[in-house]
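Asks: The chain contents come next:
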Amino acid sequence: MVLEAQNLTKQFNGKGGFKEVTLSVEKGQVFGFLGPNGAGKSTFVKTMVGLLHPTSGFAWILEKPIGTVESREKVGFLPENFRYHDWMTGKELLSFHAELYKIKNPGKKIDELLELVKLKGHENKLIKNYSKGMQQRIGIAIALLNDPEIVFLDEPTSALDPVGRIEVREIIKQLKSQGKTVFLNSHLLSEVEMVCDEVAIINHGRIIAEGKLEELLKEHTHVEMIVSDYTTELIEKISHLSKEFQFKEGKLSFKVEDKEKIPLIAKMVIEAGAKLYQLNTQTSSLEDLFINLIGKDEMS
Amino acid sequence: MITIIKYTFKEMLKKRAFLLVSILSLLYLSIYAFGLSRIFEHPSNSIYDIIFQSQILSAGLFFANFIVAFLVVLTSVNAISGEIESGTIYSILSKPIKRYELVLGKFIGLSIMIVLYSSIMFLSVVGLNIWFGSKISFGWDNILKGLFFFDLGPIVFLALIIASSSIFSTINTGIIAIMAYGIALVGGVLEQIGTAMQQSQVGAFGLKSGESLINAGIITSLILPTDVIYRKMTAELLTQSSGISFMTQGLFGGMSQPSIYMFIYIFFYVVFLLYYGAKRFSQRDL
Chain A
1 MVLEAQNLTK
11 QFNGKGGFKE
21 VTLSVEKGQV
31 FGFLGPNGAG
41 KSTFVKTMVG
51 LLHPTSGFAW
61 ILEKPIGTVE
71 SREKVGFLPE
81 NFRYHDWMTG
91 KELLSFHAEL
101 YKIKNPGKKI
111 DELLELVKLK
121 GHENKLIKNY
131 SKGMQQRIGI
141 AIALLNDPEI
151 VFLDEPTSAL
161 DPVGRIEVRE
171 IIKQLKSQGK
181 TVFLNSHLLS
191 EVEMVCDEVA
201 IINHGRIIAE
211 GKLEELLKEH
221 THVEMIVSDY
231 TTELIEKISH
241 LSKEFQFKEG
251 KLSFKVEDKE
261 KIPLIAKMVI
271 EAGAKLYQLN
281 TQTSSLEDLF
291 INLIGKDEMS
Chain B
301 MITIIKYTFK
311 EMLKKRAFLL
321 VSILSLLYLS
331 IYAFGLSRIF
341 EHPSNSIYDI
351 IFQSQILSAG
361 LFFANFIVAF
371 LVVLTSVNAI
381 SGEIESGTIY
391 SILSKPIKRY
401 ELVLGKFIGL
411 SIMIVLYSSI
421 MFLSVVGLNI
431 WFGSKISFGW
441 DNILKGLFFF
451 DLGPIVFLAL
461 IIASSSIFST
471 INTGIIAIMA
481 YGIALVGGVL
491 EQIGTAMQQS
501 QVGAFGLKSG
511 ESLINAGIIT
521 SLILPTDVIY
531 RKMTAELLTQ
541 SSGISFMTQG
551 LFGGMSQPSI
561 YMFIYIFFYV
571 VFLLYYGAKR
581 FSQRDL
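Protein chains in written order, with the working numbering: chain A, 1 to 300; chain B, 301 to 586.
Chain B on its own, in the form it takes in the complex:
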């Protein structure tokens, strides 16, 4: 399996998609840095400024997260199915290796690369905010916890793609990945709106509608829990040691935090997807 991990990692580095996303990321970080340099030109200490700065940070992380998801799709959508479609799989699986080793090897190899990339993106966005004089005081624990959840989302997304790529064709996996990510994103927004409606006490009708939206969000989180992990990330990053949280504000933050049960679900979600993908792949005729 170590061989598969090693060569998967190597292959990703040599892929044109990786180069493309890297250039895109540099471009994004440059534009973001330019924006920050203008925003922080006239610093002040008002609470509104701090809230605004938290929004700028959240927006930066939201789009960085989006680029990482883009990289996950581009580099892993054909991880297994591409090997089958091109015929390279014949010379690999006729060797004395088990099929699950290929699935897990691909997952781990891609995970290492994605975690590295995702961490660079996260630390760059947070680092740029600190560099330009953001008034949000981050503790190391905020940054490390935020980093953990920022990296976790793409890994969960990768598990879905690898499982799908082990069972379906590259095109079908691409459709599944994009649809699932879109549904999770929309579901997350609906859940936020639902929570806002409940919190703003818009009457019995509003409360009921809010609850329906929250339920819709929970269901989409079960399909692909990336949005829920993203919200946990913003909560961990922006909740101060004093207990004051800036995460409850705005479009890119989150009004509700996922429960511990959701994270237990996420753990089993990843394990199940990899197990099921490997099992179905082992039963496939190639």
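Here chain A stands alone, though its shape is the one from the complex:
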């Protein structure tokens, strides 16, 4: 595992933060960490990179306990509220951070990264003259300086325009293809949906759902059917296999947790001698899932 947390808790005087988080991230994954504002996402990342001390529990990065210098050797981090020394030029800033990583002869790597984040030609400008988007781009370059095994990106596109967002998405995909692990904190669900393999959803400091994105979304496939010549027994059987079941004059509407149930239900309809005129399926978007889960959590 590249990242592992066991009952990790960080609270501020018994409030805020996150509680008893247990999760693991495999090598080469793009892991999305989702949650509404104030859910504890950034606190979790800051704890992982050693900026906050956990209240209880354990966590490891590349099998090194968090908080140790060794645990940060192969880590890249883009903070949410990115701010850099504005008296330096872009190139000086990258050199400074390369020196902090003890990288020898970082010139070539700096040039590559400037190219990657589309800041070539701006490297000799002072950071204070950079736009917010440019500062976020140079932050991404800093996070990749040490060729990290795991990169924590906390809202990496918050200051970027749509083109910049696509570029960051491409960088994430590129990192994944290189076998790197990306831990993505974001509340831009469409973005997460496009790049993440696994997600965890956090609300009020607790993980309320976690798993492969595909699996989580599969759990919430919406099905609509139009049938005739049905029996009451058939309708009852379908209702037992599904959730949120609704039936009115031959129209069935329900959700299934497993997509494999859809052909099974169709087979049941045919075998029961009923006529199947229409079968539509619609997989929930991450947004639907997110709102559904957060809503349920708030209710409970």
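It is possible that part of the hints are untrue.
[Stated by the list, open to error] With a straight-line cut-off of 25 Å between C-alpha atoms, the simulated BS3-like cross-links for lysine-lysine are: (1) K128(A) x K314(B); (2) K315(B) x K125(A); (3) K104(A) x K398(B); (4) K435(B) x K102(A); (5) K108(A) x K579(B); (6) K102(A) x K445(B); (7) K128(A) x K310(B); (8) K109(A) x K306(B); (9) K109(A) x K310(B); (10) K125(A) x K310(B); (11) K306(B) x K104(A); (12) K315(B) x K91(A); (13) K104(A) x K310(B); (14) K306(B) x K91(A); (15) K398(B) x K74(A); (16) K398(B) x K102(A); (17) K306(B) x K128(A); (18) K310(B) x K108(A); (19) K128(A) x K579(B); (20) K310(B) x K102(A); (21) K64(A) x K306(B); (22) K109(A) x K120(A).
Rather than coming from a laboratory, the hints here were simulated on the basis of the structure.
Here the structure of chain A is known, so what remains is to put chain B in place on it, guided by the hints.
Replies: Relative to chain A, chain B alone:
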């Protein structure tokens, strides 16, 4: 840590505060030089003149020391706290470095710059006095020892500010620095008055009051020993190889010299402040 030292030094040079203090210093040295040119216009060799000249030198060093302290506050009050408040610390401390390296790196980087600046100020004031024909005969040992103590005071002050900046906010550190420096200054003056009262034998009541003032001065020296170091500097600079000392005269000199125990205390004072500041900083949530 070398990276932190290097970039701290670079940052100070680029700070507007450094430019401001440099201009202020040049202005001060120009005015001082103009004053000296008038004072030394009609040279004489009387003992009163030499005493007066020692006072002019002491006054020059006193205000130079004050400007250096001003620079120390302006450039270091936000050394650590400013990084936290602006958020630049996140990208630094998520790197494989220990937090104490940041505290020590900042301290050493700032110390190098302050020693350079302080030395220039000291040598300029002493050099101007020699240039304009001061009758005080300085030996190299006087100048080097004086320089050492002139540089030591700001370093001790810097240790207090760095420790405070590692624990408290920039505003609180500013308050602590100014209050501590003020207390040390007032305490030093009280101690001098106390010593003068004892030496002038103003009766039993005067002796008792003098002792109380000396004790008050010692306590303030324990809070921030900059004044005591300044007095040691004037003693080293103005005590001639013959044993004659001009330092016992006037407002800017010193009537009592700090003991060796005070310097042992100063050594542990700096070590403790840096250790405590780094320890508390390491325990902080950022």
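Asks: If a hint holds in the structure, say so; if it does not, say that too.
Replies: Outcome of the hint check:
no.: 1; hint: K128(A) x K314(B); verdict: holds (13 Å)
no.: 2; hint: K315(B) x K125(A); verdict: holds (17 Å)
no.: 3; hint: K104(A) x K398(B); verdict: holds (20 Å)
no.: 4; hint: K435(B) x K102(A); verdict: violated (55 Å)
no.: 5; hint: K108(A) x K579(B); verdict: violated (37 Å)
no.: 6; hint: K102(A) x K445(B); verdict: violated (39 Å)
no.: 7; hint: K128(A) x K310(B); verdict: holds (16 Å)
no.: 8; hint: K109(A) x K306(B); verdict: holds (21 Å)
no.: 9; hint: K109(A) x K310(B); verdict: holds (23 Å)
no.: 10; hint: K125(A) x K310(B); verdict: holds (17 Å)
no.: 11; hint: K306(B) x K104(A); verdict: holds (16 Å)
no.: 12; hint: K315(B) x K91(A); verdict: holds (19 Å)
no.: 13; hint: K104(A) x K310(B); verdict: holds (20 Å)
no.: 14; hint: K306(B) x K91(A); verdict: holds (16 Å)
no.: 15; hint: K398(B) x K74(A); verdict: holds (15 Å)
no.: 16; hint: K398(B) x K102(A); verdict: holds (13 Å)
no.: 17; hint: K306(B) x K128(A); verdict: holds (21 Å)
no.: 18; hint: K310(B) x K108(A); verdict: holds (24 Å)
no.: 19; hint: K128(A) x K579(B); verdict: violated (32 Å)
no.: 20; hint: K310(B) x K102(A); verdict: holds (19 Å)
no.: 21; hint: K64(A) x K306(B); verdict: violated (30 Å)
no.: 22; hint: K109(A) x K120(A); verdict: holds (13 Å)
In summary, the numbered hints that this structure violates are 4, 5, 6, 19, 21.
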